[in-house]
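Novice: Sequence:
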Amino acid sequence: MKVKPPILASIRSGLESKGLKKIDLTRHLGRPTNWTTKLFNGTIKNLDDEEADKIAAFLGVSFGKITLQGRVPEVAVRLGEMMNEDSEVTALLTALAEVLERR
17 MKVKPPILAS IRSGLESKGL KKIDLTRHLG RPTNWTTKLF NGTIKNLDDE EADKIAAFLG
77 VSFGKITLQG RVPEVAVRLG EMMNEDSEVT ALLTALAEVL ERR
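Under the numbering used here, the very last position in the sequence shown is 119; numbers go up by exactly one each time.
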């Protein structure tokens with residue numbers, strides 16, 4: 017997956033929420049000590065799926081889901097989960113989608 021600002025923001029947020037430092041992530045992944053520096057300064061442009069999954073699991077974050085159409089934003093994943101759990105949310109989002117489609 018391409019390392020874009022939202023991915024880096026999720027990683028930063030995960031580190032902060034867990035009270036971890038970049039070196040903790042580096043060690044968890046078994047990478048050289050300068051790996052996270054390269055990640056955050058843009059030298060590392062892509063993460064393979066396995067590494068992205070390891071990061072997400074370690075930090076308790078999500079980078080979205082991959083579908084045949086491409087990567088789905090995390091907010092869409094969360095809304096989908098909410099729709100599965102609550103019929104009122106489903107009705108509200110369905111109505112919103114209908115309004116937006118008429119524009």
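Rather than coming from a laboratory, the hints here were simulated on the basis of the structure.
It is possible that part of the hints are untrue.
Quick list of simulated restraints, FRET-style, between CB atoms [unchecked claim]:
1. 111 with 36: 40 to 46 Å
2. 58 with 103: 30 to 36 Å
3. 47 with 105: 37 to 43 Å
4. 50 with 102: 19 to 25 Å
5. 45 with 119: 40 to 46 Å
6. 50 with 103: 24 to 30 Å
7. 116 with 25: 35 to 41 Å
8. 54 with 34: 31 to 37 Å
9. 25 with 50: 40 to 46 Å
10. 60 with 100: 44 to 50 Å
No farther apart than 20 Å at their CA atoms in a straight line, the calculated lysine-lysine pairs in the PhoX-like style are these [unchecked claim]:
11. 54 with 18
12. 54 with 38
13. 54 with 37
14. 38 with 20
15. 70 with 18
16. 38 with 70
17. 61 with 18
18. 37 with 70
19. 70 with 54
20. 54 with 20
21. 18 with 34
22. 70 with 20
23. 34 with 61
24. 34 with 70
Glycine included, each C-beta is placed from N, C-alpha and C at the ideal position.
Novice: Now tell me, hint by hint, if it's right for this structure.
Specialist: Hint check:
1. Taking 40 to 46 Å as the suggested C-beta distance range, the pair residue 111 and residue 36 conforms, at roughly 41 Å.
2. Judged by the Cβ atoms, the range 30 to 36 Å given for residue 58 and residue 103 is violated: they are separated by roughly 44 Å.
3. Take residue 47 and residue 105: their Cβ atoms lie about 40 Å apart, and the range 37 to 43 Å holds.
4. A beta carbon spacing of about 45 Å between residue 50 and residue 102 contradicts the range 19 to 25 Å that was offered as a hint.
5. Between residue 45 and residue 119 the CB atoms are about 44 Å apart, so this pair conforms to the stated range of 40 to 46 Å.
6. The beta-carbon spacing between residue 50 and residue 103, approximately 50 Å, falls outside the hinted interval of 24 to 30 Å.
7. Our hint of 35 to 41 Å for residue 116 and residue 25 is violated, since their Cβ atoms are close to 26 Å apart.
8. For the hinted restraint 31 to 37 Å between residue 54 and residue 34, the CB-CB distance of approximately 21 Å leaves it violated.
9. Under the hint 40 to 46 Å, the C-beta atoms of residue 25 and residue 50, about 21 Å apart, miss the expected range.
10. Under the hint 44 to 50 Å, the C-beta atoms of residue 60 and residue 100, about 35 Å apart, miss the expected range.
11. At roughly 14 Å between alpha-carbon atoms, residue 54 and residue 18 fall within 20 Å of each other, so this suggested pair holds.
12. Of the pairs offered as hints, the one joining residue 54 and residue 38 holds, with about 11 Å between alpha carbons and a cut-off of 20 Å not exceeded.
13. Proximity of residue 54 to residue 37 is assessed by CA-CA distance (about 15 Å); at most 20 Å being required, the pair is judged to hold.
14. With a C-alpha separation of about 17 Å, the suggested pair residue 38 and residue 20 falls inside the 20 Å cut-off, and the hint holds.
15. As the CA atoms of residue 70 and residue 18 are separated by approximately 16 Å, the hinted pair is consistent with the 20 Å bound.
16. Under the criterion of a C-alpha separation no larger than 20 Å, the hint pairing residue 38 with residue 70 is consistent with the structure, at around 14 Å.
17. Taken as a hint, the residue 61 and residue 18 pair is honoured in the structure, with Cα atoms around 6 Å apart against an allowance of 20 Å.
18. Taking the CA atoms of residue 37 and residue 70, the gap is near 16 Å; set against the 20 Å cutoff, the hint holds.
19. Of the pairs offered as hints, the one joining residue 70 and residue 54 holds, with about 18 Å between alpha carbons and a cut-off of 20 Å not exceeded.
20. For the given pair, residue 54 sits about 13 Å from residue 20 by alpha-carbon distance, which is consistent with the 20 Å threshold.
21. The straight-line distance between the Cα atoms of residue 18 and residue 34 is roughly 24 Å, outside the 20 Å bound, and the hint therefore fails.
22. Taken as a hint, the residue 70 and residue 20 pair is honoured in the structure, with Cα atoms around 17 Å apart against an allowance of 20 Å.
23. With a C-alpha separation of about 25 Å, the suggested pairing of residue 34 with residue 61 is violated against the 20 Å cut-off.
24. For the given pair, residue 34 sits about 15 Å from residue 70 by alpha-carbon distance, which is consistent with the 20 Å threshold.
Checked against the numbered hints given earlier, the structure breaks hints 2, 4, 6, 7, 8, 9, 10, 21 and 23 and satisfies all the rest.
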